[in-house]
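Asker: Residues per chain are reported as follows:
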Amino acid sequence: MKNKRLAVYLEFLSLLTLCSCNNDVFVDKLKASATEIEMNGDGDSTTIHTNTSDWKIWSVEDTFNPEGNKFRGVAYDEDGDTKGNYNVEFYLINKAKGKLVYTGQQNGFTVNHSKDNAIDIFVDENLLDSAFKFSIWICDAYNAVPIHITQTASSGYTFDHITYQYLPDSYHKEWTSTSITMNNEGDTLRTEMSVFSGKHRKIQFSSDNPKAFGYLSNLQQVEIPIQKKDSALLFGNEKSTYLAKAQEDRLPFNDVKQAIVLPPGKSQLRIDIGYEYFDAAYTLYVHNKKTGLMKSVNGIFHSKTPSNTEYYIFVNDKWQR
Amino acid sequence: MATMRFYHISPTRFATTLLLFFSISVSAQPADSLSQRPALQQVQVDVAPNYVFQTRDFLKGVNLKHKKIDQSLSFHLKYAFQFAHDSYFGRLYPHAYQGIGVSYNTFFNSTEVGNPIAVYVFQGSRIAGISRQLSLDYEWNFGASFGWKPYDSAKNVFNNMVGSKVNAYLNFGLYLNWHMNGNWNLRAGIDATHYSNGNTHYPNAGVNLIGARIGIARTFDATYLHSAKYQPTDVVAAEKPYWCLDVAAYGATRSKGIASENYIVPGSFGVCGLTINPMYNLNKYVKAGVSLDGQYDESANLDQRIAGKNEEDNSKLMFFRQPFSERFSVGMSLRTEFTMPIFSINFGIGHNVIYKGDDHNGFYQVLILKTFITRNIFLHTGYRLNKFHDPKNLMMGIGYRFTGRHKK
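Line order of the protein sequences matches chains A and B. Each residue of the first sequence is one higher than the last, beginning at 1 in the numbering used here. Each residue of the second sequence is one higher than the last, beginning at 1 in the numbering used here.
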């Protein structure tokens, strides 16, 4: 009986030695705890966990147009150093530990890979009218996993009011000279010319805040100063669209007709106009449509206006006014 | 998460294990309480010239010698015993003999094939008596053969037939058995042989032989067997049909090739399984039943999980671990079992019913040798095929037979 038990025991031992696991040929497939994430439009954060630690952020892409619409921003290293990694493309960035920060005009995100098995995602407000969609691809040597993020549109903002403060140091004048050749085939000609024909006042809003122009629609009209008088700004119900790009506004005065004398033959007509430049610091106030929370944006309003009193007209270098 | 630690097994260990199985089984045989006589002992020597089936270019002459490998010759030395005629098994199977043998084999190309030595167990018996001194017998051999020269990408490049130094040895023969006098028998007949490694290593094309075998056997103290007094009692009539339930657990290792990548995965994968097999005893030779077969195969559906090339070694492929559902299958099979003293040969054909992935699809076939080391405990040595041609894995294990029937 003892021999039989020994025999059975040895058989079990033999069976065990026949078992094996070929672990050397297997790798863990990188997996994320979630791959489809919805985030709040008024700003949100989440943490995605991974099953392995040896992975990188391969790319951060526009979900629908990865190659065409590329995010750029600041890439921080693990120790928080940027080492000149400003304005880098996040498409196929293949970054190990560190942080990617994108700040768009109407949205933005921060993707932080500081932990071995997790990635933290923060989104700014989404000021678009529609959802903001982007994809973070994480990868190891064998596999890439997309994490698709959909951020709903934020509640939105409504214009409240805008204030300006004149910046005296900004005021200066510059002269602009325009020459044209005219051909008078008859006798000496006395005529009138429009001095400010085709001339505009040029204005522009600027701001260091990248989201300054994201809060309102690009049709939003705001009051602007007409001109500077002494050390103050003059207003007169003049409005312009609140945009980042330069705009041409109508002149704050009527065109001027100036009599000139053109001799027979070709003449060189030159008009020198003095332009006034001034800047005003502005503060734009908007409030959240849902919460009513007020938010302000600071920036500079730039104005370049021709002077209706400081202009000169020359015909063949002969002063006529 | 708790993990089980497994060990990779070398071919030598595999063979040693195989032999251990049988050495234990023979030594652990139960004594027959009915017998007043000792078991009959027998020594036999055989010579077997064989034809080698030309299944590979290597055998057809694409080898170092530029010569066909179509002949082999083997020499066998065997020891067998027969249960005494007044014992239970002796009365039930009066002509059955079983034992251990060793053979030397040559393919006349020792450089590339080797001259393997096979160590095996065997069993034979009478199929039909032709005359008082002549009978038609069968015999099967099963064991391990050592000393093959396996494929080696540097040293043995043409041998795309054998992938391991140790291969299983299977043989079946039909013989005319001539009782020459009281102690001597002359046996001659035809036999078929198969060598393969059970898919534990690649390549595993296997070697198949067919040929003749002639041998002479000396039985010690066998005179009473042939005396007029000896009339084996037919105990079959006393046997009533009965049900039994065989439960067996097995394990093995196997190799895996990825056909789409023409790639053999290094290392061995673990396989284990459990069979629950109720059978009905139709007669003293045959049982039939069904079996519930659960199997875990670490390599199953691996071709669907290629991760890519190894970062450090570009020649190696890496794989993602398959979900458990793709590694595990449960099937149902029809089983029939040929029963003899100590050994039973079980054949089954089945289909998985719970599975995922192509690797588990289709019909599977099993051939199992059960070696009873006690009346209820048996060693389970088997092989599993898929779709009648895809080699799957060995099934080396142990089982227990539940039965309400008691030995008379």
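Incorrect hints may have been included.
SDA-like, lysine to any residue: derived pairs with alpha carbons at most 25 angstroms apart [claimed, not checked]:
| id | chain 1 | residue 1 | chain 2 | residue 2 |
| --- | --- | --- | --- | --- |
| 1 | B | Lys309 | A | Lys133 |
| 2 | B | Lys316 | A | Lys133 |
| 3 | A | Lys239 | A | Leu251 |
| 4 | A | Lys202 | A | Phe278 |
| 5 | A | Lys97 | B | Glu312 |
| 6 | A | Lys56 | B | Lys316 |
| 7 | B | Lys309 | A | Asp28 |
| 8 | A | Lys229 | B | Glu312 |
| 9 | A | Lys29 | B | Glu311 |
| 10 | A | Lys56 | B | Gly357 |
| 11 | A | Lys29 | B | Gly357 |
| 12 | A | Lys31 | B | Ala39 |
| 13 | A | Lys83 | B | Glu326 |
| 14 | A | Lys133 | A | His49 |
| 15 | A | Lys31 | B | Asp313 |
| 16 | A | Lys29 | B | Arg305 |
| 17 | B | Lys284 | B | Lys67 |
| 18 | A | Lys31 | A | Lys199 |
| 19 | A | Lys31 | B | Ile306 |
| 20 | B | Lys316 | A | Asp28 |
| 21 | A | Lys29 | B | Asn314 |
FYI, nobody ran anything at the bench for these hints, they're computed from the structure.
Asker: Confirm or reject each hint.
Answerer: Hint by hint, here is what the structure shows:
A C-alpha spacing of about 33 angstroms is found between Lys309 of chain B and Lys133 of chain A, which places the hinted pair above 25 angstroms, so the restraint is violated. Pair hint Lys316 of chain B plus Lys133 of chain A does not hold up; C-alpha atoms about 38 angstroms apart against a cutoff of 25 angstroms. A threshold of 25 angstroms between alpha carbons decides the hint, and for Lys239 of chain A with Leu251 of chain A the separation of about 13 angstroms falls inside it, so the pair holds. In summary, the hint linking Lys202 of chain A to Phe278 of chain A is supported, as the alpha carbons are separated by about 11 angstroms, within the 25 angstroms threshold.
Restraint check for Lys97 of chain A and Glu312 of chain B: the C-alpha separation of about 22 angstroms stays at or below 25 angstroms, so the hint holds. For the hint linking Lys56 of chain A to Lys316 of chain B, the alpha-carbon distance of about 23 angstroms falls within 25 angstroms, and the restraint holds. For the hint linking Lys309 of chain B to Asp28 of chain A, the alpha-carbon distance of about 14 angstroms falls within 25 angstroms, and the restraint holds. The hinted pair formed by Lys229 of chain A and Glu312 of chain B fails the criterion: a straight-line CA distance of about 75 angstroms is larger than 25 angstroms.
With a CA separation close to 15 angstroms, the supplied pair Lys29 of chain A and Glu311 of chain B stays within the 25 angstroms bound. Straight-line distance between C-alpha atoms of Lys56 of chain A and Gly357 of chain B comes to about 31 angstroms, which puts the hinted pair past the 25 angstroms bound. The straight-line distance between the Cα atoms of Lys29 of chain A and Gly357 of chain B is roughly 19 angstroms, inside the 25 angstroms bound, and the hint therefore holds. Annotation: proposed proximity of Lys31 of chain A to Ala39 of chain B is violated, straight-line Cα distance about 65 angstroms (limit 25 angstroms).
Restraint check for Lys83 of chain A and Glu326 of chain B: not satisfied, since their Cα atoms lie roughly 48 angstroms apart, outside the 25 angstroms limit. For the proposed pair Lys133 of chain A and His49 of chain A, the alpha carbon gap of about 20 angstroms is at most 25 angstroms, so the pair holds. The straight-line distance between the Cα atoms of Lys31 of chain A and Asp313 of chain B is roughly 24 angstroms, inside the 25 angstroms bound, and the hint therefore holds. In summary, the hint linking Lys29 of chain A to Arg305 of chain B is supported, as the alpha carbons are separated by about 10 angstroms, within the 25 angstroms threshold.
At roughly 49 angstroms between alpha-carbon atoms, Lys284 of chain B and Lys67 of chain B are farther apart than 25 angstroms, so this suggested pair is violated. At roughly 63 angstroms between alpha-carbon atoms, Lys31 of chain A and Lys199 of chain A are farther apart than 25 angstroms, so this suggested pair is violated. For the hint linking Lys31 of chain A to Ile306 of chain B, the alpha-carbon distance of about 16 angstroms falls within 25 angstroms, and the restraint holds. A threshold of 25 angstroms between alpha carbons decides the hint, and for Lys316 of chain B with Asp28 of chain A the separation of about 16 angstroms falls inside it, so the pair holds.
Using a Cα cut-off of 25 angstroms, the hinted pair Lys29 of chain A and Asn314 of chain B holds, with the two alpha carbons roughly 19 angstroms apart.
The structure is inconsistent with the numbered hints 1, 2, 8, 10, 12, 13, 17 and 18, although it conforms to all the rest.
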